[in-house]
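Undergrad: Below, each chain spelled out in residue letters.
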Amino acid sequence: MARQRRFSGLAIHIVLALATGLTLFPMLWMLTTAFTPNEQVLSRAIRFWPEEPTLDNFRTAFARHPVGLWLWNALVVSVLVTAGKLAISVPAAFAFARMEFRGRDTLFWIIVATLTFPSIIGIVPTFIAVVKLGWYDTLTGVIVPSIPFIGFYVFYLRQSFRALPADMFEAARLDKAGMFKQMWRIALPNVKPALAAVTVLSFLGAWNIYFWSLLILESPERKTITIGIKVFSDVEASNQQWGPLMAVALLGILPVVALFFAAQRTMLEAFAPGAGGKG
Amino acid sequence: MAKRMTSRLAPYLFVAPAILMVLVFLYLPILVSLALSFSDWNFIRPDARFVGLENYRAVLGDTNFHAALRNTGIYTLILAPLQVVIPLLLARLLVRLGKSRLANFYKSALFLPTIIAFSIAGATWLWLFNPLTGLFNIVLEAAGFAPQRWLEDPKLAIWSVSATVFWKTFGLNMLLFLAAFTAIPPELTEAARIDGARPARILWRIEVPLISPTLFFVIVTTVLGVMDDLLGAVDVMTGGGPIDATTNLLFYLWEKGLRFFQFGHAGATTMIIAALIGFITWAQFKLLERKVHYG
Amino acid sequence: MLNTPLSRRQMMLSGAAAVAASSLSFPRIARASSDTEIVISSTWGQDKPFQKVVDAFNEMKLGVTAVNRFDGNYEEATARAVTSIAAGRAPDLMVTGWKFGYFARRTLNARDLREIDEARANAILANFQPSVLPLVTIDGALIGLPWAMSTPVTWINRDMWRAAGLDADIPMDITHDWLLAQCAKLDEALKAQGHPTYRSALDLSSNEWTSQAYIQNAGGHILSPTGELALDSAEAAAGMRAFAEPVRRGLWRPVDGQAQLNAFTSQALAVTTTSSAYAPLMNAQDFDIVARKFPRLDAARRMNSGGNFLAVYTNNDEKAQAALTFMEFAASREGQEIWSSVGYMNTSVHDFAEIPSPEAAQAQFADGLTAETIWPGARGLEAQTVWRQYVGRILEDQMSVEDALRAAQADIAPLIA
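Chains as they are written, first to last, in the working numbering: chain A, 1 to 279; chain B, 280 to 574; chain C, 575 to 991.
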């Protein structure tokens with residue numbers, strides 16, 4: 001019995017290590033390529049780390065395209081979309097979880113049903129609207145229409161608010177504290193992991209917005225990194241500039257990877273039961 | 280009295296911003312698309328005419344629409360089962376390891392691709408798939424196999440794109456399953472284990488029913504998500520080609536609407552996609568929800 | 575710290591940061607002068623000769639600053655322009671493919687240069703050979719600067735040719751059958767050598783351009799002289815059969831155009847029929863490359879031209895005048911001298927001792943070139959996409975030549991009506 005256990009433990013490690021290796025590999029290859037001189041990149045030798053690592057690819061990338069602005073714009077979009085999503089979904093989720101009112105379930109499902117909406121399903125009318133509002137080629141035009149995709153967040157935060165014990169709010173109710181105060185003072189501090197998870201997921205989601213930015217952002221200095229990489233791959237892949245392309249790709253993933261590692265523990269916790277509701 | 284009024288209004292004030300945003304930016308565009316689908320307004324022609332079902336006829340008769348529909352089906356058949364089964368098995372194995380440094384490393388590493396952008400994932404794999412200097416062909420050649428046209432062979436391309444998308448997406452489902460498995464009280468499976476039941480049997484007979492609400496959520500969102508997930512990768516890697524081998528319904532909508540500016544056709548496509556999604560969601564609820572065991 | 579991820583304070587701080595961030599966005603480089611700025615949507619990045627023309631123009635300080643904005647290939651730049659125009663802000667100027675001439679005029683409303691300023695427009699066009707003016711005259715309007723013209727030729731890696739034991743003395747006028755026979759020998763001889771990962775003896779460029787050349791060389795048309803779609807003719811079928819023959823015989827493994835070009839410069843491909851405008855790229859390689867005329871079928875060769883013209887789209891008068899200022903420079907002897915290094919044929923009246931454009935291209939030009947397919951109607955961009963797909967279906971053997979041409983005729987006709 002014990003022997004069998006140890007054996008299966010080893011098997012589990014082998015399977016997981018293999019899966020992890022396969023998963024990490026493309027990113028490691030990106031990393032290697034980004035630091036390899038481009039002439040060697042094209043030499044078709046299998047080399048896991050360049051003999052003379054170089055920053056030339058980054059220099060080339062920054063010299064040819066406003067990569068710094070692309071990163072900055074993506075950051076602005078991600079922060080503001082996340083702030084917007086939190087601002088509208090937290091009160092809504094709180095009301096759905098802790099208040100009684102007519103039409104509550106209908107309104108809740110109106111929001112949650114949007115979980116099934118593909119991101120670009122309304123792209124033509126939204127484009128017309130954004131143009132009419134004068135938001136073409138502005139970050140506002142990317143940010144505002146991206147905020148309403150809150151189906152998952154409202155659903156998930158409602159679960160978290162519901163999981164809070166009712167007596168937690170008793171004292172506040174006796175003090176005749178308003179609902180806003182109850183949400184702000186009592187509910188929010190007690191669902192921090194769920195909030196963190198929502199914040200991180202929404203940030204990642206906004207960082208990844210693609211088609212909408214591709215459509216709306218026209219000037220090179222207003223693009224975000226995810227669509228900048230498309231410009232870059234169009235012009236530089238044709239010149240076989242894979243080194244600089246992978247350098248830009250690396251810069252594009254660094255902020256989110258950093259955010260992920262910073263928030264990792266809370267996030268994994270948030271999805272565990274007890275911390276943030278039933279998940 | 281006034282106090283009572285505000286407290287009765289309060290819930291609506293809380294939900295109003297969310298409801299308004301959702302109605303204006305998510306529901307209204309679909310209604311507008313419905314209106315567009317019956318007109319021939321295409322931005323080039325300033326005046327719109329009512330054309331009845333003409334746009335639907337044009338879209339349903341379009342070779343590219345057929346390809347998009349067929350590919351959407353193929354993508355779903357390739358990706359949805361993989362995106363459910365593999366994350367489920369990985370999550371089960373991770374739970375088995377308990378809390379350890381190594382387990383945490385596996386967890387983070389496996390989740391890592393999920394957080395990077397599709398277009399960046401696409402660019403990275405574009406490089407790996409390059410016919411001349413890409414790693415895959417170099418390795419194949421070194422191992423004595425014929426190099427492949429990964430993204431240029433119409434039969435192979437959809438698999439190459441699917442591999443990229445799978446790599447990029449399985450992490451989120453894994454995380455959800457991980458949470459669900461962790462929630463299972465150990466005593467529920469202990470008895471079966473002592474009886475000597477095989478792990479596969481325990482998984483299938485005891486654990487899967489216990490996580491069925493999560494499983495249901497994952498299946499529904501994955502089946503719908505496959506369509507959406509592909510877009511960035513497809514645009515960077517193949518542009519829907521070679522020919523029409525990697526396009527899908529949403530990519531078709533994008534091209535019709537905002538590359539060729541046929542708003543009427545795009546409107547009709549939107550309505551067809553909406554109907555399809557409605558049907559698939561309804562069917563999944565019908566078929567699967569009965570089997571969900573809410574603890 | 576990670577266990578208490580978001581205090582309210584932190585949330586307020588991040589909110590404040592967000593507001594600050596939005597007000598800080600778009601740092602723009604301050605421009606010292608009060609120049610009129612014109613943005614040229616182009617298909618060339620900053621490392622291309624076009625940028626040199628733009629830089630030389632800006633050096634002259636004529637009160638106009640030109641900005642070269644890379645927007646992808648012809649199709650992508652054109653699609654971007656449609657979006658911009660829909661958003662009410664047309665690009666000031668755009669490098670427009672010849673094939674989108676009608677589309678540029680009828681859908682994008684390219685400006686008639688004479689309507690901006692007749693005298694200036696006439697003076698600009700006087701720098702060009704009269705034979706190219708019809709190409710930029712669409713619906714009676716003069717819509718562009720016809721300064722970038724190419725034609726497909728046959729580029730041959732003569733080192734590989736010799737290594738396969740073939741006669742390195744290659745005639746200028748080559749036929750399809752002869753070329754295929756050589757490539758079969760080449761493939762046989764070099765199978766175990768050369769570039770290992772992507773290997774092909776020949777590539778005919780899998781786009782609508784070289785297939786048009788084959789159809790025309792077989793005596794057919796894509797669009798008849800009267801403008802009707804003529805894909806369902808026996809000649810078109812003969813042309814497409816010949817075009818697909820190298821694939822069927824295993825001599826050509828189609829990948830996308832860019833990858834094929836890269837394959838050729840990496841010596842993974844011995845022969846490629848593509849634009850004569852790649853001359854500078856070919857000259858820069860360290861192996862022996864020669865250019866010969868495009869492979870001919872039994873009938874006389876009837877080659878098409880290709881390339882692009884520079885058109886004005888802005889509705890702002892000041893910018894339109896500024897665009898003409900740029901065009902005056904681009905058409906001048908000085909501008910053309912810089913431009914001539916790009917590899918296009920010389921369409922101007924200025925003479926330059928040496929330009930990179932190969933002899934084969936100049937010979938085809940002298941023989942007379944037809945236009946490349948200028949897709950008519952407001953939906954030309956879509957029509958071109960559909961035709962490319964059918965060319966692909968033929969090459970990949972998804973459909974027989976006859977079926978594909980019949981289906982293409984049926985699908986494309988309504989798009990260009």
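Everything labelled a hint here was simulated from the structure, so no lab data went into it.
These numbers come from a predicted model, not from an experiment.
Please note that a few of the clues may not be correct.
As the list claims (entries may be wrong) - Some chain A residues well away from chain C (every beta-carbon gap over 10 Å; in silico):
(1) Thr54
(2) Arg64
(3) Tyr136
(4) Ala172
(5) Lys181
(6) Leu215
(7) Pro220
(8) Val231
(9) Asn239
(10) Pro255
As the list claims (entries may be wrong) - On the chain B side, residues computed to face chain C include the following (Cβ under 7 Å):
(11) Arg380
(12) Pro433
(13) Ile522
Ideal Cβ placement from N, Cα and C applies to all residues, glycine included.
Undergrad: Taking the hints in turn, state whether each one holds.
TA: Verification of the hints:
Here Thr54 of chain A stays apart from chain C, with its beta-carbon at least about 19 Å from theirs, past the 10 Å limit. Distance check for Arg64 of chain A against chain C: the nearest CB is about 6 Å away, which does not clear 10 Å, and the non-interface claim fails. Separation of Tyr136 of chain A from chain C is inadequate, the least Cβ-Cβ distance of about 4 Å not exceeding the 10 Å criterion. The non-interface label for Ala172 of chain A is consistent with chain C: the shortest C-beta to C-beta separation is roughly 16 Å, beyond 10 Å.
Consistency note on Lys181 of chain A: stated as away from chain C, and its beta-carbon is indeed over 10 Å from all of that chain's, at 12 Å minimum. With 10 Å as the threshold on Cβ separation, the claim that Leu215 of chain A sits away from chain C is violated: the shortest Cβ distance comes to roughly 6 Å. The Cβ of Pro220 of chain A does not lie farther than 10 Å from every Cβ of chain C; its closest approach is about 6 Å, which violates its non-interface assignment. The beta carbon of Val231 of chain A sits about 7 Å from the closest Cβ of chain C, which is not more than 10 Å, so the claim that it is off the interface is violated.
Non-interface status of Asn239 of chain A relative to chain C is broken: a Cβ of that chain comes within 10 Å, the nearest being about 7 Å off. The beta carbon of Pro255 of chain A sits about 13 Å from the closest Cβ of chain C, which is more than 10 Å, so the claim that it is off the interface holds. Checking Arg380 of chain B against chain C by beta carbon gives a least distance of about 16 Å; that is not within 7 Å, so the hint is violated. The interface hint given for Pro433 of chain B holds, since its Cβ lies 5 Å from the closest Cβ of chain C, which is under the 7 Å cut-off.
Nearest Cβ of chain C to the Cβ of Ile522 of chain B: about 4 Å, under the 7 Å cut. The hint holds.
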